[in-house]
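Visitor: With the hints as constraints, model all of the structure from the sequences given.
This is what each chain is made of:
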Amino acid sequence: MIFLFYTAAIVALIATIAVIVSTNVVHALVYLIISLLSVAVIFFALGAPFAAMLEAIVYAGAIMVLFLFVMMMLNLGQATQDEEKAWMQPRLWIGPGTLVALLLAQLTSVLFTQDVAISPVEVGVLDISVLLFGPWLLAVELASMLLLAGLVAAYHLAKK
Amino acid sequence: MIVLILVATLFVGGAIAWASEALDARMPRVVALLSLLVSAVLLLVFSLNSGPDVGSPGGQWWILASWSWIPRFGIALLVGVDGLSLLLLLLTIFLGLIALGAAWDEIKERVGFFYFNLLWTIAGVVGVFTALDLFLFFFFWEVMLIPMYLIIAIWGHENRAYAAMKFFLYTQVSGLFLLMAILSMSYLHYVQFARFSFDYFDLQNIALVGSLQTWIMLGFFVGFATKLPIFGLHSWLPDAHSQAPTAGSVLLAGVLLKTGAYGLIRFAVPLFPEASDSFSSVAMTIAALGILYCAKVAFAQQDIKRLIAYTSVSHMGFVLLGIYAWNLYGLQGAVMTMLAHGLSSAALFMLAGGLQSRFHTRDMRQLNGLWAKLPMLSAMALFFSVAAVGMPGLGNFIGEFLSLLGAFQSNPVATIFAALGLVLAAVYSLWVIQKVLHGSLQVPNEYSNAADLSLVEILCYALMALGLVWMGMYPQSFLDVSEASLLYLQSLSGGAA
Amino acid sequence: MQNWIGLLPAFPLAGFLLLVLSRGRMTKTVAGIIGAGSVGLSFLLAVMISIEFLNSGAQPFSKTLWMWMQVGGLDTGFTFFLDGLTLVMILIISGVGFLIHLYSTGFMADDPGFARFFSYMNLFVASMLVLVLADNLILLYLGWEGVGLCSYLLIGFWYDNPANGYAARKAFVVTRVGDTSMAIGLFLLFSQLGTLNIQEILLLAPTQWSTGSAVAVAASALLLGGAVGKSAQLPLQTWLPDAMAGPTPISALIHAATMVTAGVYLIARTHILFELAPSVQLIVAFVGLATLLMAGFTALMQRDIKRILAYSTISQIGYMFLALGVGAWSAAVFHLLTHAFFKALLFLAAGTVILSLHHEHDIFKMGAMRRRLPVSFWCFIVGSAALTALPFTSGFYSKDAILLAALDHPSYGMLLWVGGVLGAFMTALYSFRLVFVVFFGKSHYEQRDTQQHDDHGAVVENTSPAMFFPLLILAILSLFGGLISVPVDAVFANGALHEEAHASQFLHALMILIPILGVMISWLLYGSLSYEKAGAHLRKQLLVSPLGGLLNRFWFSGWGMDKLYQTLLVQPFLALAQVNRKDIVDLVFNSLSYVARFANSALVLTQTGNMRWYAISLVAGLVIVIGLGVWR
Amino acid sequence: MESIPYEHGLILAAILFVCGLVGVLTRRNIVFVLMSLEIMLNACGLAFVVASSRWQHAEGQVMFLMILTLAAAEVAVGLGLIIQMYRRFHTVDISVLNEMKG
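Chains as they are written, first to last, in the working numbering: chain A, 1 to 160; chain B, 161 to 657; chain C, 658 to 1289; chain D, 1290 to 1391.
Heads up, a few of these hints could be off.
As the list claims (entries may be wrong) - DSBU-like, lysine-lysine: derived pairs with alpha carbons at most 30 Å apart:
1. B/Lys-595 - C/Lys-1239
2. B/Lys-533 - C/Lys-685
3. C/Lys-1220 - C/Lys-1022
4. C/Lys-685 - B/Lys-456
5. B/Lys-595 - C/Lys-1220
6. B/Lys-456 - B/Lys-268
7. B/Lys-456 - C/Lys-1220
8. B/Lys-595 - B/Lys-456
Rather than coming from a laboratory, the hints here were simulated on the basis of the structure.
Guide: Here it is in C-alpha cells:
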C-alpha cells in the first residue's frame, strides 16, 4: 500500500506539473486525466474506494470529457499553440513562483508539526451514505441545487 | 393621540399626494394643502382647548403618551408635547403652509413626488418635536432629512447635486455622532439598571461622571450643532439653501434648523448638566464667533440666497448663545429667536425665490433698483430685512434682546462681541436693500416685464409679517406658553448650568 | 385726558399704516391731510395733556397700555411715563413736527413719492414719541431704533441716487454702533439692578452703587455711547453732514429738531446714573466741548448750505452735552427746546431757498437773494440771530445759561467756559457768513437749462400758506421762545436753571459781546460792500498761506474723521470680506473631500482589470495572513 | 499493515494545490487557468480524503463529494463562459478581459 501511495503520488506530481507547463491544450488534458487517475489510486491506497471510484468516473470521466468536447468546439489550432509558447517566458514565472514557494513553505512548516501515521482502514460506502442521507441531507440538497444552477447557467452561457 | 393623528395625516397625505398625480397634475398640491390644513386645524383646536397636565412630570406636559414598540430594547413610541414643542409645532405647520404657497406655482415637474417629500419632511419634523423616546427621535430625525435631500437633489437649482450631497454627508455624519451618543446612553442605562431604555425620563436617572458625560454630551452637541448650524460646521448650509427650491429653503431655514436648537434645549443640556456647564463658555464663544464671522461673510456674497443663508447662521448664533446662557431670559430669547427667525428667514428666502422666478438670477449684481418696478415686493423685502436687522417691535428683536440679556449674565465678554453682530447685521442688510431695491432700475432685459406679487404671495407675506409684528408687540402670548417647559428643563439640570 | 396718552403715538402710527396700505393710490391732498393731520391731532392732544398736567401740579404720571414681556425678573410693559421733561419733548416733537409736516405738503408737492414720504414721516413721529414717553429702557430702545430706521429711510428717500443710499446707510450703521453700546449698557444695568424701568433704576442705582464705582462708570459710559451716536457727537458725528442728502424737511425734523437731540434726552433722563459717575460726566462735558469747537470750525469752511447747518447742529448739540456734562440738566433741555425752534426755522428757510433755486446747494452760487427771497431772508436773519445768541433772542437765554453753568464747574470751569465762548464766536462767524454770502453781495446764480425750463427757471419764492405759516410760527418762537420756562425742575433734583449768575460782570458782558464781535468780523469778511474786494482779498491771503490752506482742507473735510474711519475700519472690512468671499471654513471641509478623492485616484491604480494581477494580490494577501499566523 | 505518514498525504495535497496555483497565476490561456483550478480543487479533495483516513471517519469523504459537485458545476459554467468569450473576442487570452479597470 505504501508503495502504491508513493508511486501514485509521484505520477500525480509529474502529470500535474506537465499540465501547467504544456503548451498544447489536448496534451494538457491528457496529463490532467493521468493526474486525476493517480489521485484516484491514492484514494484507494488511503482506504477510500468510494471516493476513488467517484474521482475516476466523475472527474477523470465526465468532467474531462466535457473539457475535451469544448476544446474540440473551440478548435484551437497551431496558432494558439505558438501563442502559448510565446507567452511561456521564464520571467513570468518568477513572481508567482516565489509567492507560491513561500506559501508551500508555510504549509509544510505547519504540517510537519503533526506526527501521526495513517493506517488505511477502509471507510465504506455505507458509512458515507449514512452521513449523506443523515446529517448532511441539507448539504446534498444544496449541492443538487448548485448543479441545477450550473446546468441552467451553462446552458444560457453557451447559447448563442 | 393627537400627535399620532398629526403624523399620520402628513404621512398618509404625502402618499395620497404622490398617488393622485396620476389623476391630475394639479391634484397633489390640493391634497397637500388639505392635509396641512387638517393638521393646522387639529393643532389649533388642541392648543386652544388644552393646557398643561398637572399630573405629568414637572406638571408641564400637555400630552404624554406611550405605546409599546420594541420592548426587548426598551424602545417605545413615547411622545410628549409641552409648551416648547407646541410653539415649534405651530411654527412647523404654519411654515409648511407657507412652503406650500411658495411651491404652488414654482414646481412643475414630478409634482406628486415633490409634495410627497414636502409632507414627509414636515411629518419628520413634527415627529422630532414630539418624540421623547430617543430611538423614535432618531428615527424621525432621519425621516425628515432624506426627503429634504431629495427635494434639493431633484428640484434644486444649477448646482443641486453637489449641494444635496453636501447636505446629506454633513447631516448623516453628524447623525452618526448623535446615534452613537444615544446608543451609549441606552447602554449605560443597561449597565446601571439592567435593562435597555431610550426613554427620556429613564435616561435622566443615569449617573454620569466626568469625561464620560462630556463625551456623550459632545456627541449630542455635534449632532444638533451641525443642524443648527454653529460656526465651523455651517458650510453645508449656504450651498443647500442656495440650491434648494424655494419651498425647500423655506422649510430648511424656517424649521429644520430649529430642530437642532430644539435638540440642544431638550436633550443636550438637561441630560448632561455638569458637562454642559463647563462647556458653555466654549459654546458661547463659538456662538459669538459665528455671529460675527457669518455676518461678515454674508456681506461679501453676491448670490442673494447664499447671503440670506449666511445671515441665518449668524442669527442661529444668538440661539446658541441664549441656550448656553441657560437662564430663563436666554432660553426664552432662544425660543423667540427660533420662532421669529423662522418667519423672517422663510420670508426672505421666499422673496429671493420670487426674484429668481421673475428674473432667473440670484446674482445681486444683475438686479438693481427694483423699487421702481416691483413696489410691493420691495416693500416686503424692506420689511423683512428690517425685521432681520432686529428692529424693536418685530419678533427678532425680542429674541435677540432676551438672548443677549440672558447671555450677559453668564458670559459678558462673549455677549459684547455677539452684540457687535447687531452692527454687522445692519451693514449687510442695508447693503442688500441698497443693491437690490434702491438705485436705478436694472434687470436682465429678457425678463423686464416681471409682474409684482401674486395673490398667493401677498397672502403668505402678510401672514408672516403679521406674525412678526405679533411676536414683537405682544410676545407675552408666546413667552407664557414656553415658560413652564423652560423652567422644567432648567429644573432637570439642577436649576442652573 | 392723560389716560389717552397712548393715542399720542397712535395717531401718527395710524397715519403711517393708512398711507402704507393705500399703496400710493391716494391723491396727494388726501395723503397730505392724513400725514400732517395725524401729527396735528397728536399735537392737540399733547397740548391738552400738558394743560392738564401743569394744572394738576406737574405730578409724574404713567400708564401701562399692555404687558409687553415678562420673563423672570424682567417685567416690561408698553408703559408711557409723563413728567416735565417728557412733556417738553412731546410738545417739541408733535408741535415742531406738525409745522414741518405742514411745510412738507408744500415742499414735496411735486414729488412722486409724496405718500411714501409722509408715511415715513408719520412713522418717525410715532417712534420719536414712543422714545420720549417710554417708562423703561427697552421701550425707549424701540423708539430709539425706530427713529434710526426712519432716519435711514428718509435720508435715502430719493433712492435713485446711490450717494443718497450711501449716506443713509452710513447714518444707520454709525448710529447703530452707538445703539449697540447702549444695548450692552442695558444688559449691564439689568444684570446689576434687575430692572429696566427708568424710574426704578434711578431710585435703585444710588442705593446700590457708590459714587464713582466701576459699574456706574461702565453703565453710564455705555449709555453715553448710545447718546453720542444718536446725537452725532465726537467720535460718531460723521454721519450727520452726509445725512443732508435727504429732503430738507427731514433735515429740519430729524436731523435738527428732534432725533439728534435724543441723546441729550437720554442723558437727561438717566442723569442720576451720570451723577454717580463723575468721570463719565466730565467726559460728556469734554465731548460736548470738543464737538462744538470741531463742528464750528468745520462749518466755517463748508460751501453746501445744508452742510453748514448740519455742522451747526452738531455744534449746538455739543453745547447741550456741555451743559449735561456740567450738570446743568435744565439748561440742556432748555437749549434743546430753543434749538429745535431756530434750527427748524433755519432748515425750513434753507429749504425754501433751495426749492426756489432749483436744488442749488452751493452758497457761493447764490448771493444777493435778499430781494428775491424776502421771506427766507427774514427767517434766516431771525434764525441766525437766535443761533448766534444775540441778546433777547431765544438762543441767547439758553446759551447764556449753559455758559454760566460751565463756568461754575469746580475744576475745569474756566476751560469749559472759554471753549464755549470761542464756540459762540465761531457760531456767529459761520452763521452770518451764510447769511451774508447767500443774501448779500452780487448774485452768482446761474439758471441751469433756461431754454428748457422757461417758466421754471426763474427764481420765485414759494410762499404758499402751507410753507409760509410754519416759517412764521417758528420765527416767532425763535425770537421769543426764550421766555418759555421749561417745567423740568421737578425732574432734576439739582441742576435747575442758574437763576443768579456767579460770574463777574466782566465775564458776563464778554459773553454777550463776543457773538456780536463775531457777526461784525463776519460782515468784514463776507458781508461788507467791499466783500468783493477787501474781504475776498483777505480770504485769499488766508487760504494761500500754507497753514491756512492746510487748515481749510482739514476743516472742510470735517477734521478728516471720515477719511480716518474709511482707512481704519471700512477698507479693512471690505478687504477682508473680499478675501473671504468663499468662506474659508468651507475650504477646510472641502479639503477632506480632496483627500478622499486623492486616495481614490491612488487606489484606482491597483484596479488593473487584469485577472492574474488580482489573483496574485490575493495570494500575496494569503501568504501575509498565514505568515502572520505561522511565524508570529 | 504499514502505515503512511499523515503529513505526507497532506503535503502531497499541498504540492498539488500549489502547482495548480502556479498555473492559475502564470497561464494566460483561460483553458489552462480552468484546468489549474481543477487541480486545486482536486488537491483540496485529496486533503479531505487524507483527513478522513486519518480520523477514520466518513465525513471527509462527504466533503470530497461536495467538492466534486462544486467542481462539476464550476466546470460547466466555466466552459460556458469560455465559449462565450471565444465567440466575442476570438481569443482565449484572459488579459484581454480588463474592462474592469478602475
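Visitor: B/Lys-456 and C/Lys-1220 were given as a pair; does the straight-line alpha-carbon distance stay at or below 30 Å?
Guide: Distance of about 22 Å is within 30 Å: holds.
Visitor: So if I understand the rule, the pair passes when the alpha-carbon distance is 30 Å or less; does B/Lys-595 with B/Lys-456 pass?
Guide: Roughly 17 Å between the alpha carbons, so the hint for B/Lys-595 and B/Lys-456 holds.
Visitor: Hey, C/Lys-1220 versus C/Lys-1022, does the alpha-carbon distance stay inside 30 Å?
Guide: The hint holds at about 27 Å.
Visitor: Is the Cα-Cα distance between B/Lys-533 and C/Lys-685 30 Å or less?
Guide: Status holds; Cα separation ~21 Å.
Visitor: Holds or violated: are the alpha carbons of B/Lys-595 and C/Lys-1220 at most 30 Å from each other?
Guide: 24 Å, holds
Visitor: Need the status of pair C/Lys-685, B/Lys-456: alpha-carbon distance at most 30 Å?
Guide: Violated. C/Lys-685 to B/Lys-456 sits at ~42 Å, over the 30 Å cutoff.
Visitor: Checking one constraint from the list: CA of B/Lys-456 to CA of B/Lys-268, max 30 Å. Satisfied?
Guide: 36 Å, violated
Visitor: Between B/Lys-595 and C/Lys-1239, does the CA-CA distance stay at or below 30 Å?
Guide: Judged against 30 Å, a Cα distance of about 20 Å means the pair holds.
Consistency with the previously given hints fails for numbers 4, 6, ordered from lowest to highest.
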